[in-house]
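Enquirer: Produce the entire structure from the sequences given, and follow the hints as far as they go.
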Amino acid sequence: MEIETTTCLSLEHYQLIQLLSEQYAMPMRSFISALIGFAAEIDLMSPTTFTCLTYRKRGTTWKRLHLMLFADEYEFFMDIRKVWKMSLARVIEFCLDNILDEFLRFLDSKIVEEDYYTDSYRYRNYCFEFCREENIQTGKFYWGIHPEIIQKTKNVTP
Numbered sequence: 001m002e003i004e005t006t007t008c009l010s011l012e013h014y015q016l017i018q019l020l021s022e023q024y025a026m027p028m029r030s031f032i033s034a035l036i037g038f039a040a041e042i043d044l045m046s047p048t049t050f051t052c053l054t055y056r057k058r059g060t061t062w063k064r065l066h067l068m069l070f071a072d073e074y075e076f077f078m079d080i081r082k083v084w085k086m087s088l089a090r091v092i093e094f095c096l097d098n099i100l101d102e103f104l105r106f107l108d109s110k111i112v113e114e115d116y117y118t119d120s121y122r123y124r125n126y127c128f129e130f131c132r133e134e135n136i137q138t139g140k141f142y143w144g145i146h147p148e149i150i151q152k153t154k155n156v157t158p
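Just so we're aligned, residue 1 is where the sequence shown starts under my numbering, counting upward by one.
Calculated from the structure, these hints are not laboratory results. All C-beta atoms, glycine included, are put in the ideal place defined by N, C-alpha and C. It is possible that part of the hints are untrue.
[Said to hold, decoys possible] Calculated cross-link-like contacts (lysine-lysine; reagent style DSSO-like; alpha-carbon spacing at most 30 Å):
(1) Lys152 x Lys82
(2) Lys82 x Lys140
(3) Lys152 x Lys140
(4) Lys82 x Lys57
(5) Lys63 x Lys85
(6) Lys140 x Lys85
(7) Lys63 x Lys82
(8) Lys85 x Lys57
[Claimed, not checked] Label pairs and their calculated CB-CB ranges:
(9) Lys152 x Thr61: 21 to 29 Å
(10) Gly59 x Gln137: 35 to 43 Å
(11) Phe141 x Lys63: 28 to 36 Å
(12) Leu100 x Gln137: 35 to 43 Å
(13) Met78 x Pro147: 19 to 27 Å
(14) Lys152 x Leu104: 36 to 44 Å
(15) Glu134 x Gln23: 50 to 58 Å
(16) Arg132 x Leu104: 42 to 50 Å
Expert: Below, the structure is given as structure tokens:
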């Protein structure tokens, strides 16, 4: 299942993504998805609390980008928005401005290993846990399967 969404990027960032996705023979949506996933894995941003969402800079020349995302990618992007308190456009631009060189080195190393960018299960290994802690309803989400979650799902017989 694919989910359609639209975001607007500065013309400079749009052209950069277009150029790099052509250079790496990846669709733009795959390049963006891999970039954001990489940023989350290296803990680029700490979670932000008690603030409003930040948006891309106004007054710049921008271009609309139509994305067709898998359902798990879309949910992951929405989680990133909530945790980093940034619009999707701002997340993309932030990643391009702050980790692009590191991401491209990572991508180049994967090409050498012939692993490339295809990871069909990139966002399949994150999960939620809801519980009460000291009478407070709590929700946790894990970007990766936490060992305790695996243990909880096993049928343990006494």
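Enquirer: Which constraints among the numbered hints does this structure fail? Numbers only, ascending.
Expert: Checked against the structure, the only hint that fails is number 9, while the rest are satisfied.
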